[in-house]
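For reference, the chains in residue letters:
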Amino acid sequence: MARPFTPKIVTANALLEGDVIYLSPQDTWVRDLCDAALFSQQDQAEERLAFASKDGFVVGAYLVDAVAGENGPEPVHFREDFRRTGPSNHNHGKQAEL
Amino acid sequence: MYTYNDFDEAFVRERVAQFSGQVARRIDGSLTEEEFRPLRLMNGLYLQLHAYMLRVAIPYGTINPDQMDQLALIAEKFDKGYGHFTTRQNIQYNWPKLPDVPAILEALADVGMHAIQTSGNTIRNVTADHFAGAAADEAYDPRPVAELIRQWSTDHPEFQFLPRKFKVAVTGASHDRAVVRAHDIGVVLKEQNGVKGAEVIVGGGLGRTPMVGKTLNEFVPFADLLPYIEATVSVWNLLGRRDNKYKARIKITVHEHGIDDIRARVEERFTQIKPTFGGIDMEMLAQIEQHFVAPIFANKPVDAYTRAYENDPVFRAWADTNLAAHKNEDYSIVTISLKKPGATPGDASADQMRSMAQLARDYGHDELRISHEQNVILPHVHKSNLPALHAVLKGNDLATANAGLISDIIACPGMDYCALATARSIPVAQGIATRFDELKLEHEIGQLKIKISGCINACGHHHVGHIGILGLDRAGVENYQITLGGDGTETTVIGDRTGPGFAYDEIIPAIERLVHAYLNARLDAEETFLQAYRRLGMAPFKEALYPPKEEKANAA
Amino acid sequence: MSVIVQDGGFIADDFIGEWLDLTSDTDPATLKQYAGSAAIRIDFPAFSDGRGFTLAKILRLSGFTGRLRANGHVIADQYAMARRSGFDEVSISDELATRQPQEQWLARADWQAHDYQARVRRPATAS
Ligand code: SF4
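If you read the protein sequences in the order shown, they are chains B, G and C. If you read the first sequence in the UniProt record's numbering, its first letter stands for residue 1, the second for the next number, and so on. If you read the second sequence in the UniProt record's numbering, its first letter stands for residue 1, the second for the next number, and so on. If you read the third sequence in the UniProt record's numbering, its first letter stands for residue 1, the second for the next number, and so on.
Since the hints were made in silico from the structure, they are not lab data. Treat the hints with caution; some may be incorrect.
To be verified - 20 Å max Cα-Cα, derived PhoX-like pairs, lysine-lysine:
1. G:K165 <-> G:K80
2. B:K94 <-> G:K245
3. G:K440 <-> G:K340
4. G:K340 <-> G:K300
5. G:K80 <-> B:K94
6. C:K32 <-> G:K274
Stated by the list, open to error - Rough simulated footprint, nothing fancy, chain G against chain B, three-plus residues with beta-carbon under 8 Å:
7. 10-20
8. 53-65
9. 80-90
Claimed, not checked - Selected chain C positions facing chain G (in silico; Cβ < 8 Å):
10. F53
11. L61
12. A80
13. Q104
14. R121
15. R122
This one's a predicted model, so the numbers in the text were calculated from it and none came from an experiment. Every residue, glycine too, gets a C-beta built ideally from N, C-alpha and C.
Just chain B, with the same shape it has in the complex:
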């Protein structure tokens, strides 16, 4: 039996700032994971990734596992948890902008 599909978000880094970005339901790029679009169908996720990868102003778009939380998508893996916050040794990155 095929394993159930884990919902995905599309993420990348912005070409100019290098900042972590996410594809929103409106097909724009947003800086907060909670504003990202969560895709529960594999076809749909792959299709949005293909669309997002064509944007010349983003770098390295990829799909990543996420789950629906109270305030929007939540990361499954600790790497994405760091990406949405920032480094643990300095209060820099997204955590400093809140």
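Given the coordinates of chain B, work out where chains G and C with the ligand should sit on it, guided by the hints.
Only chains G and C with the ligand this time, still in chain B's reference frame:
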């Protein structure tokens, strides 16, 4: 110190102009990201987890106060007020923005610096003994040869798209502080029948398949050195594997073909290449050597030092750990620790950089070094100036007396910054240093090198740490593997794995158990951790790391 | 169709004759036999495959003096590398020529300037 001539100056300016153009062409679509990526990498620009990262070359770790001041200025103007010194004697800025990078490179060019070939599948920034020109055990200063190799390798037309990165390290001392046997090419300077030359070692490297380098040629005279190295890279450029990036490094090529086969190929290529060198390189080397003549050492009493050493226990503790023997006995080599317990190993604030630059002007004959152990070195300080220097260091949070001790930890950026990481390394280093500082055991423990990497690429040199820690991702959780008995000196040894790894919250207690096992088992305070491990083997340490199940149950 | 790039910019292919085509994985030990050829084309399957530069260099060292062309995915930023390694010219696709027009290649036509290699290889001054 080497200063740029007109050619070097014009070259880096041209290169900045080229890169500015490449950034513009990436933005206007002339270059795809795929095409731009290697171009930005060969100019030191990575895209990391949270932002771009610019890696600036500090060739063979040597830098002057004006350059250090400029690094501070860049940290403030274009970054977040600090820089991170790396295990490859470079400095990294963690937060530059792409459109600012040309201006940063311009600011570097203003002081004779660049970020060329600090990344990418190129010949990387050449590293060398950080005590070069000062160490008591040095026979030959490695910096002139390293500078010659820098010039030869810079923008080498054949070697900008190699199978993988290629690292060269040079040493001229009996004690190897440059880890030359863990480099693609290690160059050990020596003399034979009155002719200066070098032993060339090939195929060392850490990473997924750690290997100790093998001697490719016992003695290559200086006149043949550049063509010989070129022949080696040329052979590997065609022979190295391009189908699997984990098998692309020259250590694998040497392993798969055997050192004798590689040597035969290199010799043959060398005979083809040698005639293309007209001989000016030896004149250039002689000129470069003029840039590295020793400073004029002061001849004055060292009473101030003796007095401070006898009367000030804080100074004495620092002097005992952070000074090394200089070839002039009235002088010392000072290690400024960037490892204050709880701080990020290798990070320095702009203010700290400026105060170190000023110390080099006031007391250090205008020279600083960056060590691969992520500390800053003042290579030439007259002993009479040490108390005053120490006072300034204290005022700038730079007087930690721990060089070579358990809290002087090498840690790569790990998953706090690095896109390739599988786990964090910085907080592990912070945790260990803080814990042993609380225990007040550090000086009791003595010489102990802990090295931490956040993934198999081993930038933190964990394989050659007396205790090595490798952060992995085990089913979505950070997990840390321990190796013991590694050694990165002239007696290079790859450490042995102890067994299963430890979770993030278990790794610091595990290190503590290991260290207690050593303290219990050592013959006396003279026997270092590494010596004890060599005498006793893995067993007592393994027992401490993995206590039998019942005990655990009882303790709970 | 393809576009030929030389120091003067884009030109139409003016070569009449037979090319000897070499792939980027050619064994360097076999190159000597081609030293007398009139024209050789070395393939660049991807711009990140730098073997062609070393092959060109070895061909020249083996005595090949004919026309040498880098053929395939070579980007404008590599033009100086190609020339310095011994190529006479580069042949690129129309798509690449559109994306990286002539002026981007001409910007690298001064490949003899700022060349560390040429510098470290000069003859020793007579002493
Ligand atoms: S060892 Fe891995 S995690 Fe650490 S800096 Fe190198 S690539 Fe990044």
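Checklist entry - Which numbered hints does this structure break? => result Violated hints: 1, 2, 4; rest satisfied.
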